[in-house]
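Q: Just need the whole structure built from these sequences, with the hints factored in.
Below, each chain spelled out in residue letters.
There are 2 protein chains.
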Amino acid sequence: MAQAPKVSVIPLGGLGEIGKNMTVIENQGEILVIDAGVMFPEDEMPGVDLVIPDISYLVERKDRVRAIVLTHGHEDHIGALPYVLRQLPVPVYGTRLTLGLVESKLEEHHLLGETRLREVQAGESRTIGRFEVEFIHVNHSIADDVALAIHTGAGTILYVTDFKFDQTPIDGRVTDLQKLAELGRKGVLLLMADSTNAERPGYTLSERVVGQTLMEVFAGAPGRILVATFASNIHRIQQVVDAADRYGRRLAVVGRSMVNVVGIASRLGYLSVPDGMQVPVEEIGRYKPQELVILSTGSQGEPMSALSRMAAQEHRNVAILPGDTVIISANPIPGNERVVGKVINRLLHLGAEVIHSPFSGIHASGHASQEELKLLLNLVRPRFFVPIHGEYRMLVAHKRLALAVGIPEGHVELAEIGDRLELTPDSLRKTERVPSGQVLVDGLGVGDVGHVVLRDRRLLSQDGILVVVVTVDKRTGQLVAGPEVVSRGFVYMRESEALMEDARLQVRRALERRVPDGLSDWQSIKSEVKEILSRYLFERTRRRPMVLPIVVEV
Amino acid sequence: MAQAPKVSVIPLGGLGEIGKNMTVIENQGEILVIDAGVMFPEDEMPGVDLVIPDISYLVERKDRVRAIVLTHGHEDHIGALPYVLRQLPVPVYGTRLTLGLVESKLEEHHLLGETRLREVQAGESRTIGRFEVEFIHVNHSIADDVALAIHTGAGTILYVTDFKFDQTPIDGRVTDLQKLAELGRKGVLLLMADSTNAERPGYTLSERVVGQTLMEVFAGAPGRILVATFASNIHRIQQVVDAADRYGRRLAVVGRSMVNVVGIASRLGYLSVPDGMQVPVEEIGRYKPQELVILSTGSQGEPMSALSRMAAQEHRNVAILPGDTVIISANPIPGNERVVGKVINRLLHLGAEVIHSPFSGIHASGHASQEELKLLLNLVRPRFFVPIHGEYRMLVAHKRLALAVGIPEGHVELAEIGDRLELTPDSLRKTERVPSGQVLVDGLGVGDVGHVVLRDRRLLSQDGILVVVVTVDKRTGQLVAGPEVVSRGFVYMRESEALMEDARLQVRRALERRVPDGLSDWQSIKSEVKEILSRYLFERTRRRPMVLPIVVEV
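Order-wise, the sequence lines are chains D and E. When the letters of the first sequence are read in order and numbered with our numbering, they come out as residues 769 to 1322. When the letters of the second sequence are read in order and numbered with our numbering, they come out as residues 769 to 1322.
Source of the hints: derived by calculation from the structure; they are not laboratory data. Some clues are possibly wrong.
Below, in silico cross-link-like pairs of lysine to any residue (SDA-like), each with a Cα-Cα straight-line distance of 25 Å or less [what the hints assert, rightly or not]:
hint, chain 1, residue 1, chain 2, residue 2
1, E, Lys-1110, D, Val-1220
2, D, Lys-1242, E, Arg-1276
3, E, Lys-1167, D, Gly-1129
4, D, Lys-1110, E, Pro-809
5, E, Lys-1298, D, Met-1268
6, E, Lys-830, E, Lys-1198
7, D, Lys-1294, E, Ile-786
8, E, Lys-1142, E, Ile-786
9, D, Lys-830, D, Val-1220
What the simulated footprint calls covered on chain D by chain E, stretch by stretch (three residues with Cβ under 8 Å from a Cβ of chain E suffice, anywhere in the stretch; the number is not a length) [unchecked claim]:
hint, region
10, 1146-1152
11, 1234-1244
Built from N, CA and C at the ideal position, the CB exists for glycine as well.
A: Next up, the structure:
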């Protein structure tokens, strides 16, 4: 009772990885969850649609979870909500635009009716159970992003999600420097802050610079202009609209998420498109090329996106023409360079001019670079610091920045997901590990694709599969038919009939040798068939297809 | 007879792509082949080991091919040799280091004895059939690289493969500016030149800068130093050796290709390692950390490479220790960013310091940037220009540079592989298309993995496979046993027994409905099983595994 108040922080996602951001704060037995994001699957997860955080820790403490508080509307912060809310139907707090995007997502999942959404504004404070939460405006590549100051008995936790200091933001609303400074003056116990760009020296470009570049490109473009960017980057889209307005062009919007976000943002007042500017994409044929801007998804080269389909000449409404200027206003996310490159090659082939990064000023990151991160640390002067949102290398880089501005080594903690960080007014320490990790979503299945399934998919993709069906008489133990050998993804059968026939004979001979003993021991038949075939095929082809023996008793 | 002499150039690889470089020159019925490179498979080619050029055009004209001339020893210029030589056993020309690397490759393929290797030196000329070929020294990220001046009846073709202008190369041998200028003065009919860095402004860093950076890092490293770089970058390796020598460290070499190349380059005099410096990696335990440098493969994060295995704590001889400094002296090739990032994260986790690009000066590209490409164009002042070695976007960028220095639009040709470019003393034109493309190598199979197999592998990797075995009595047409349903890579069977049992019942019911008609029409049984199961599984799981029905008659 006379004990110092204890507060715990448990990251469940977003540390040691990019994406699926989720952090748990515990205060006097109550739990507050920050964000519920997805991660996009890595190459080693073929067929997987999404990765979400393992929330079994929360599900076991269901009745103690007070709310999920969202910082902004990016998928890596809200994308797991439909899955999380099914197991934890708690209220969701967020700013207007964030909730606008959440609504459309919940509607798709038939969860909108039953979810309690609580709108907040930057500058406000809310009492949520035993948590006092302040919402603080920060700049990012989506509007209405907030940092959170969570006042607990132990002290203030300042959670600065994805952010940057944009001194000239499009909507004129600079990151709330005053509030951050005030919190710093009053004393912040723990700062957690975005590490995405912690390896990047200097300052991140202002979003406004991109607008200037757009104006220059618009001024010189002889025909149609196509702009591909992230659908959620509403300030970028506003700048495209402004450039279109200045140069008297109509705007057509293509791509499901772009149409969706432009609709939501316009309705909620975050995007202002002059009356009569927007035209249906089906009607672009009515306008001259120099009267048109087409705003599109696909800046990451996603194979099914509008821009990729245009580049492949497969888009229903838009055919790329010589004289078109295509602006790819985004940097390829690591891993996407090749697909983006392919789209650029195709667009050039069709005669378009393509403007893309690193062409200077055509994209600005949404994340603070090193000088900004140091500025934040100096504004806030926290007692303890935990870098979040980033791979390990970025967290390490962020830690170095903290040390550089004078935070003592022992006050910076490199945490991992699942670490319980216990806070008192004058200490921060890791106490235990709680369950955490990745849950894979594939189609309707959540968590049913695991290790074994992924390993099999990877194996199958390497050299394909050979199925061997052995039919055995259950009374006599004699081989009745076959064996049948069928392959997929191994060799093209018609060209390799001899090889497959040889494989069949190998199996047949081996089985015949066993016949005296009978063929009743399935397990050992299977392993023998597997071994013989694998060895034979490797010798002949130097490939290792999966061999799947099936024994049928008749 | 009084006709103007006609010469053809046919690129068979390396245009519109990175890798598998190969160009055919035809002069009075004789054929000269430049390079025979491989390309590494793209993501859409699972299981494929290598991609080589389609050489059916050459094989059909076998008796007219006089030689293969190699420019340098990189895999994308020599890697396809073993496959090409089996079909075209012609003499191979190359510089000493290039042939050294080729020898070790041919030995592996048991082709060394039967191949006629002809060593040449930069500065020399050789008459090969009706071709007069001059070998011209150029700088690159491997030693002993040569451009080729091929003198034909129509005029001189200058083939400038991968190159840069390094004003301060490690071996003191600058790209042969005088020779290039002399050729330019005498008149070059056609220039073909490397476009890899044509999108990159400015000048490429000198290799010597990397040496200075290495010295700085060596000066400050408290413990062991590990350097990962391309095995073939002998000048880089020399600089590592020099730094080791300066700071009194021993050198251990790990990774098959690194050991191989260090051996070849030392033997041929391209690499000079002080006596007693090199120690076997098994003995590194005898030395203090600050007395050691470990030179390793794995700068691209290749999963089986030495560095990746060290990072995963799976290397037999080297365990990463806190205090180690790991230098990754290479840029990730587009597409490799994520795997390289993963290696860096792991190394940091193990307590190592990691120095990698974009840390400035730790790597220098081997390819000329825009200012160098313009310099080459101005030195040579060719009548016609064809950019080579690069994706379409790079060829386009290179074309723009040519226009910028004043080559007329009609004199620059953006060619594709398979284009026949016909040259006369005053014209260049595309006349026809010859067979060209990709041949996939998978294990021992060359060309047997095609469209269908790759499509199946991709399908298999997405949602796995479901095999359904239906056993039918061949006299009565009745279902005898099963159906058996087995899946791989779809769902984890133990957790989804009910789903699989339901799937089995669906098939059984459908087959029973058909029994009145008998089950003798295999094809239609198969398509029905496929359709029923695919639909059922998609409804239940939103996944589309490959369904493979097998009918066994007993």
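Q: Verify the proposed pairing of D/Lys-1294 with E/Ile-786, using a straight-line Cα cut of 25 Å.
A: Judged against 25 Å, a Cα distance of about 45 Å means the pair is violated.
Q: For the pair supplied as a hint, E/Lys-1167 and D/Gly-1129, is the alpha-carbon distance within the 25 Å limit?
A: Distance of about 24 Å is within 25 Å: holds.
Q: With a cut-off of 25 Å on the C-alpha distance, tell me whether E/Lys-1298 and D/Met-1268 pass.
A: Judged against 25 Å, a Cα distance of about 23 Å means the pair holds.
Q: Between E/Lys-1110 and D/Val-1220, is the straight-line Cα distance small enough, at 25 Å or below?
A: holds (22 Å)
Q: Counting residues of the region 1234-1244 of chain D with a beta carbon closer than 8 Å to any beta carbon of chain E, are there 3 or more?
A: It holds: at least three residues are needed, and the region 1234-1244 of chain D offers 3 whose Cβ sits within less than 8 Å of chain E.
Q: Would the hint linking D/Lys-830 and D/Val-1220 be met if the CA-CA limit is 25 Å?
A: violated (30 Å)
Q: Between E/Lys-1142 and E/Ile-786, is the straight-line Cα distance small enough, at 25 Å or below?
A: Answer holds: E/Lys-1142 to E/Ile-786 is near 21 Å, not above 25 Å.
Q: Does the alpha-carbon distance linking D/Lys-1242 and E/Arg-1276 stay inside the 25 Å limit?
A: holds (21 Å)
Q: Quick one, are D/Lys-1110 and E/Pro-809 close enough, alpha carbons at most 25 Å?
A: holds (15 Å)
Q: Examine the region 1146-1152 of chain D: at least three residues should have C-beta closer than 8 Å to a C-beta of chain E.
A: violated (count 0)
Q: With a cut-off of 25 Å on the C-alpha distance, tell me whether E/Lys-830 and E/Lys-1198 pass.
A: holds (23 Å)
In this structure, the hints that do not hold are numbers 7, 9 and 10, in rising order.
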